[in-house]
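Engineer: Sequence:
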Amino acid sequence: MKSSKTAPTGREQVFGEDEIIVSKTDLRGVITYANDVFQRVSLYSESELLGQPHNLIRHPDMPATVFKLLWDTLQQRQEIFAYVLNLARDGSHYWVFAHVTPSYDPAGRHVGYHSSRRSPFRDALPKVQSLYDQLNAAERAHANKREGIAAGTELLNKALGQAKMTYSQFVFTLSSQTRLTQKP
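Counting in my numbering, the sequence shown runs from 9 upward without gaps.
Since the hints were made in silico from the structure, they are not lab data.
Mixed in with the good hints, there may be bad ones.
Unchecked claim - Each computed DSS-like pair below joins lysine-lysine, with the alpha-carbon atoms no more than 27 angstroms apart: (1) Lys172 with Lys135; (2) Lys32 with Lys76; (3) Lys166 with Lys32.
Claimed, not checked - For each label pair, taking beta carbons as the anchor points, the in silico distance ranges come out as: (4) Glu56 with Lys172: 20 to 28 angstroms; (5) Ile28 with Asp98: 32 to 40 angstroms; (6) Ser55 with Gln170: 43 to 51 angstroms; (7) Gly169 with Trp79: 19 to 27 angstroms; (8) Thr17 with Lys172: 16 to 24 angstroms.
The beta carbon of each residue, even a glycine, is placed where N, CA and C say it ideally should be.
Using the sequences provided together with the hints, build the complete structure.
Structural biologist: Written out as structure tokens, the structure reads:
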């Protein structure tokens, strides 16, 4: 049932600005909870999602560099915001503005991850797509996947260093709507 077997169709689907896609995973990224919006937009049933790796919905045009950054950030027990391109069961794609955080049990033990995804800010998507195209090009310039991700990471870190901001800060500069809501 891996999404890598699903060919992208190029058809985009959207979901409401008032809707939130929610999922929870264990420490390995295996889905333990998927809300009804996630099920509807991804076109997978709850029983098809639970127990599957979250990368089931990974779109092949989503840079591995961004996922490495996401996992590195979460491993440091920090939250991250990111634009993510997902692949639905039928090959359609959908963009999300994701907020991913570590989850803890009542005793404070790290037990997994929680992701809330909103409809993306549409004015940010051309900028996100441009960056992701650059990262994909850097990754694909290397036959070795690890070297490709290292090249993409170097490119991303250089851009963030020049801008003097974290990736989460950067994604909030991409839309005029998010800039209005950020604290100085």
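Engineer: Run every hint past the structure and note whether it holds.
Structural biologist: Here is how each hint holds up against the structure:
In summary, the hint linking Lys172 to Lys135 is supported, as the alpha carbons are separated by about 18 angstroms, within the 27 angstroms threshold. For the suggested pair Lys32 and Lys76, the alpha carbons sit about 19 angstroms apart, so the restraint of at most 27 angstroms is met. As the CA atoms of Lys166 and Lys32 are separated by approximately 32 angstroms, the hinted pair breaks the 27 angstroms bound. For Glu56 and Lys172, the hinted distance range of 20 to 28 angstroms is not satisfied, since their beta carbons lie about 43 angstroms from each other.
Our hint of 32 to 40 angstroms for Ile28 and Asp98 is violated, since their Cβ atoms are close to 22 angstroms apart. For the pair Ser55 and Gln170, the supplied restraint of 43 to 51 angstroms holds, since their beta-carbon distance comes to about 47 angstroms. Separation of Gly169 from Trp79 is about 20 angstroms and conforms to the stated range, judged on CB atoms against 19 to 27 angstroms. Remark: the range hint 16 to 24 angstroms for Thr17 to Lys172 is contradicted by a beta-carbon distance near 39 angstroms.
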